[in-house]
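Whole structure, please, built from the sequences with the hints as guidance.
Protein chains in written order, with our numbering: chain A, 1 to 218; chain B, 1001 to 1215.
Among the hints, a few may not be true.
[What the hints assert, rightly or not] Facing chain A, according to a computed beta carbon distance under 8 Å, are these residues of chain B, among others:
#: 1; residue: Leu1057
#: 2; residue: Asp1067
#: 3; residue: Leu1070
Worth flagging that the hints you see were computed from the coordinates, not collected in a lab. Since the model is a prediction, treat every value here as computed from it, not as a measurement. Virtual Cβ for every residue (Gly too), placed ideally from N, Cα, C.
One-letter residues, chain by chain:
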Amino acid sequence: MFDGLEMLQVSGASGDQVNYDRIEVSTPVKQKASLLHLENSTPKIKWVDHLRRIQVNQDQQAFAELFSYFAPRVKAFLIKSGANPGLAEECTQEVMATLWHKAHLFDPSRAGVSTWIFTIARNKKIDALRKQRRPEPEDLTWGPEAEPEAADVLALQQETKNLSEAITRLPEQQRDLIKRAYYGDLSHSEIAAETGLPLGTIKSRLRLALVKLRQTMK
Amino acid sequence: MNDMKMINHHLTDQLLMGYSSGNLPEAFNLVVATHLSMCDNCRAALHAFDAVGGSLLDTNETSKMDDMSLAATMKLIAAKPVVKKLAPTSSLPGPLVDYIGDDLEGVKWRPVGMGVRQAILKTSKNATARLLYIPAGSALPVHGHKGTELTLVIKGAFSDETARFSVGDVEVANEDIEHTPVAEIGEDCICLSATDAPLRFNGLVPRIVQPFLNI
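Shown next, in the form of structure tokens:
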């Protein structure tokens, strides 16, 4: 179920506080973290730590690194969704500012960093491009004494990575269809019922995360 | 809405993908968000579609930011205080409360015939959201669809030719379905519905009713 999970180790997570500094990703040749390496190897866990640094320390360096990776991607997404470059630039800055302000709401046992940023960019697209009200379900956020467990964080981050890899393995035509659906180039009746997306495992992982969250909220 | 009821009728993958990608009309988003507030299965499925969006974002397709972008963003951050959302106090799902207030008492119902009442909710014009009030044992007129109709049960239960729907269940009807929802005996039924094309009624009575339904 968790391909490659054996390569991930949690070392020294102790007490109530999860310390993301101590979540190590060990690969056969251990890489010293440089930004260049991060983009090519396993950025996800690292970006989780960036968000933690922003939330806890208002770390501007961490923010700058996140910004240089994600802002150009958010901008490209908004342009493909129909924004002109000027509006896309402005909206991207607002998306990144929201990321700073809402860093405390990010739950790494329920979403990857790119997933979370995608939802903020998607919301901005509805607000600024489509100019309609945006009904959304209530937030389910953990209380101070219910931090997510490191094992859950690793498992979800690994599932997210598996899903991304599975998407890159889809036939070109299918991948193209999914892209067009997300960029709003298909009406929803054009989206085939069968997307071919392998969502089964990540769905059950996310369901488990919600069950745990509901228990801690009671 | 922390106590999850048994829900048997869920959103389709198309709707979840449409919601996740931000491409549904507002009225549909309202029904989807309200169902998500009541259904953890669909909430988990939505997060999976969000993850698909995340991996599409996390590719090499980029667009260069302006030179002073980061500095401008730091200014935005400094200027904008964090807004805290108030905890919900209503027993109704949060997204619905945003449109009608804390309870059903304040809803301005209009009769549409045969005891059925409705209230159109204000959304963007490309689709229509409405609350429907069907007295216990009464039926909605027979109708078919050109587009898609979502019907989410908020209170009570109804049955039609296809199945039984109770609180939290959502019926997704397309143009193939012609149906007559009947509220169950014993309790009035309240539904939140969204349509993206005018409903098509059959027979004399519905033709009289149609103008009142404002569709």
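Structure-inconsistent hints, enumerated in ascending order: Violated hint (a single one): 2; every other hint is consistent with the structure.
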